[in-house]
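Undergrad: The primary structure of each chain is shown beneath.
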Amino acid sequence: MSLSDDFAFTQGSLGDYADCARRFELRFIKRLRYPALEVQDALQFETRTRQGARFHKMVQQHLLGVPAEALAESLADDEELARWWANYRARGLTDLPAQRLSEITLQTHLAGRRLVAKYDLLALAPGGAAVIVDWKTGARVPSQSSLRGRMQTIVYRYVLAQAGAHLYADERIPPERIRMDYVYVASDGERLSFAYSAAQMRQDEALLAEMIAAIDQADQFALTNELRRCRFCSYRSLCDRGGAGRLEDFDIDEYEDEEEETFALDFDQIAEIEF
Amino acid sequence: MPLDCGIWLEGIAGSGKTTAAVRRVLHLLASGVPAESILIFVPQRSLAQPYILALRGLTSHRGGQVSVHTIGSLSLQLVETFWFLIAGDAGFKHPQDLPNFLSLELAQYFMTRAIEPLVEERDYFSSVRIDRPRLYSQIVDNMNKAALVGFPISEIGTRLKSALASGVEQAHIYDDAQTCAMAFRKYCLEHNLLDFSLQLEVFREHVWAAPQAQRYLRGRYRHLIVDGVEEDNLASHELINSLLESCQSALIVCDRDAGFRRFLGADPDSAQRLRERCEVRATFEDSFVMGAEVSALGAALAAQLGAADTAESAADPRRALITEAHRYHPEMVDWVATQVEALVHEREAPPNEIVILAPFLSDALRFGLVDGLERRGIPLRTHRPSRALRDEPAARTLLTLARLAHPHWRLPPTDFDVAFALMAAIDGLDLVRAKLLTEMLYRRERLLPFAEVHATAMQERITFDLGERYDRLANWLNRYIDGGRTDAIDIFFRRIFGGLLSRAGFGFHGNIDAGNISMNLVDSAREFRWSLDFMSRYDAQIDLGLDYVRMVDRGVIANSYLRDWIADVEEGVLIAPAYTFLLNNRPVDYQFWLNIGGEGWSRRLYQPLTHPYVLSRGWPPGALWSEDDEQAMNRLTLGRLLLALTRRCRKAVYLGYNELSESGYEPRGLLLETIQSLLRRLAREEQHV
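Respectively, the protein sequence lines represent chains A and B.
Residues in the first sequence are numbered consecutively from 1, following the numbering used here.
Residues in the second sequence are numbered consecutively from 1001, following the numbering used here.
Because the hints were derived from the structure by calculation, they are not lab data.
Honestly, I wouldn't trust all of these hints.
In silico lysine to aspartate or glutamate, EDC-like type, Cα no more than 16 Å apart, as pairs [unchecked claim]:
(1) A:118 - A:103
(2) A:57 - B:1097
(3) B:1651 - B:1599
(4) A:30 - A:5
(5) A:30 - B:1175
(6) A:57 - B:1080
(7) B:1093 - A:73
(8) A:118 - B:1036
(9) B:1435 - B:1415
(10) B:1161 - B:1175
(11) A:57 - A:73
(12) B:1186 - B:1539
(13) B:1186 - B:1089
(14) B:1651 - B:1316
Just a few of them, taken from the derived set where beta-carbon distance is under 8 Å, the chain B residues facing chain A [what the hints assert, rightly or not]:
(15) 1059
(16) 1061
(17) 1085
(18) 1089
(19) 1090
(20) 1093
(21) 1096
(22) 1100
(23) 1214
(24) 1215
(25) 1493
(26) 1515
(27) 1519
Some chain B residues flagged as far from chain A (calculated, every beta-carbon gap over 12 Å) [as the list claims (entries may be wrong)]:
(28) 1022
(29) 1168
(30) 1330
Don't be surprised by glycine CBs; every beta carbon is placed ideally from N, CA and C.
Whenever a hint applies, use it, and build me the whole structure from the sequences.
TA: Next up, the structure:
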């Protein structure tokens, strides 16, 4: 069994491979859905992820013209989310170029494969800056160095440089114009920024191409030797790697639930029930 | 084709319309059109599959992503996005709270909650011999039709009564259905719930009127590709019509002689009005699919039923038909399996070029076919979307374990369910030993330890290895009970799955099917919990786990298994209901039509509370629906169905006929009658020549 020909790589799938090749195989090649708990405190974990998803949705609604006040009124029962919203309103959009596109997906190709990135927000000024904004709702702000090496930082900047021309007056965006901002709305809107360069892009391209080629050529996907990486993996019972981890040890911002194509609830499925 | 105007492309199935439309999308992209500005709009997700596959195969494209939507997915997205702008005007009692969109099963659940007290109190529907979930689903269906066709839900009862009520009792039934629909709508508005009908109504009447939504949609989508427009409804056609005003280009693809989803509001006549909006009109006449004999067969059958004009053909339709009469149903099923085997092994037909179709796919028929093909080593896939999730072994096991773990529900599982769950949960345990364990150790709603089996011979028969695994399961459950835990039901499923069932030595370990089914059950239970959690701010709290299990038992929840619908193209003979195959729109070399004597090929399902034609746009107000109308519509529907099937068949049609049906009756359905009549006519004509 191998990866399907039309598989699209994302920062999430590459991150999984970097963490544990076996996890990548189970999730993306064997497509095994495994409902084991990621963390012991399942409900609390769920509350946090739903708050994060709601925050992202609110930003999108705001950028599409829903008044911020109307959105704020809906937060009467959630102090934490209201605090995030206040931080977003105070600092989230500061110093960003005027053309703003939320929840946009771009794709390029590398090593014969599609590479896809789904952005929370792109703020662009054709001929000027091209800023990637990623909202983070986790309580912890990681170090600059760990974020720099995160697959998301590598993939997002690279894909924008390769595939953003149509958003930038039909010119390929010079890497030096690209910046990626992580905005930690739970930490007073603290912003960690990462510039880009042609040299960095070449380095990233080599790394990504190497990973993709390695996956394509692999006939065995080894289980990671680092047991700490199994703590929050839903396949750990399959691999006999212990129980669920604790929520306080978990970096909620690393929990990505990406879908290449979303189709939400499809009520047209009513059709099939009739027959 | 030009890239700056509207094009109407019409033709028969198999003439290459979708292929042309897919190429147009690729051409738009190659011409530098931003992918985000392209909207592919289809009546049903499965019809988007050729586009999705082509787009996924594009390894040279740099840029954004094309959107693919149905009216359901697009209206959901926009209502959710612009909710806080419109909720107050739309009449919701809590416009500052989030909306709660209901899947079909949740709509039925809340319908049950909203109207059951009324139904009980006033003894509604007492004369209708259908179970409650099916009755309620018809009320939901009526509301959906009203929204799709665009009439107020308050008119449902009047429309049905004026066309169909031949007596006082029937009129009361329609009145009751009307009252229930209004009660459910009121309940939804009071609780921020949106079933499909309300979602669509809010979209059409409020969101579409909001300048922000107009700006977003019109600004974003500049190029429109519409496929299967004849299968879509009035609401979709109105949206497309409006988008045409601002689109730079459009291609609208229409399949002639189709419109199978009429029962769901498909309106081929209203689709034709979009034709007038297009500057360029093109027609594809020739089929690239059908052989001459299959084409002649389809035309002759359709003409026989009045669904098409009589067409002269030099080809003999009989050469496309292969049939053999059988006395009993199992003989017919065996014949089908043997014929498939011959096609695959002797004539080297690829298995995925064969479909086996019936109007309905009963468990017995499905089992007989699967068993017969598997014994012959033929790969297969079955598509019976209405198969109940709760009937899948992994789901049954989890539900039984949930009952055991929550004795305060007072819903102890039966001995058989416990034995079945033990067999599925413990790797290597067969049903005989599972029953023995249940008989000896399932006491007072709990599982006793294996040590309680006192006879050594019996312990050895079970084996100590299996006994040890049984103990781990029993201990897990008893610890859960004694610890006083009451996890949310989906969390319980996940905890016992990860903590026990998926571990080495247990039945779900490395079992892909069990993992997927368990995940589906978790999804269903979680959606249920989220909706009910949300309701707790307006209503009294209930025990969600208990209510979930009760609703599963009643067939309201987890009653359909839809999530794997859009499985990627797989290898194998497809076994499916005929309409399901049609709506997948993929031609094959060989088709098997089974139970051709059955009424199901032509007759509508018994639906006493609803009616697809009377509640359609074209039905004249006040007109009566007669038995003649029913017969004429049955003939027309069957004619269109046969035409559509043959247009998706390249080489031959095998007919599965048995003199006695599955239930032992001698079948005399319209399909059988039509085929016999055609064969007699052809024989007569041959004699004359």
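Undergrad: Does the claim that residue 1330 of chain B lies off the interface hold, with its Cβ farther than 12 Å from every Cβ of chain A?
TA: It holds; residue 1330 of chain B is separated from chain A by about 24 Å at its closest Cβ, greater than 12 Å.
Undergrad: Per the CB criterion, is residue 1214 of chain B less than 8 Å away from chain A?
TA: violated, 10 Å
Undergrad: Far enough from chain A: is every CB of that chain over 12 Å from the CB of residue 1022 of chain B?
TA: holds, 14 Å
Undergrad: Quick check on the hint: residue 1090 of chain B CB to chain A CB, less than 8 Å?
TA: violated, 14 Å
Undergrad: Hold the hint about residue 1059 of chain B up to the distance rule: shortest CB distance to chain A must be less than 8 Å.
TA: holds, 5 Å
Undergrad: Closer than 8 Å between Cβ atoms is the bar; does residue 1493 of chain B clear it against chain A? Give me holds or violated.
TA: Given a least distance of 7 Å, the restraint on residue 1493 of chain B holds.
Undergrad: Measure nothing beyond the straight line between the CA atoms of residue 1651 of chain B and residue 1316 of chain B; if it is 16 Å or shorter, mark the hint as holding.
TA: holds, 13 Å
Undergrad: Assess, step by step, whether the Cα of residue 30 of chain A is no farther than 16 Å from the Cα of residue 5 of chain A, and give holds or violated.
TA: holds, 14 Å
Undergrad: With a cut-off of 8 Å on the beta carbons, see whether residue 1061 of chain B makes it to chain A.
TA: Because about 7 Å separates residue 1061 of chain B from the closest Cβ in chain A, which is inside the 8 Å limit, the hint holds.
Undergrad: Does the alpha-carbon distance linking residue 1186 of chain B and residue 1539 of chain B stay inside the 16 Å limit?
TA: Satisfied, since the Cα-Cα distance of roughly 15 Å is no more than 16 Å.
Undergrad: Given the hint that residue 1093 of chain B pairs with residue 73 of chain A, test it: the Cα-Cα distance must not exceed 16 Å.
TA: Holds, because 15 Å separates the two Cα atoms, which is no more than 16 Å.
Undergrad: Does residue 1100 of chain B pass the interface check with chain A, least Cβ-Cβ distance below 8 Å?
TA: Check failed: Cβ of residue 1100 of chain B comes no nearer than 12 Å to chain A, outside 8 Å.
Violated hints, in rising order: 3, 5, 18, 19, 20, 22 and 23; the structure is consistent with all others.
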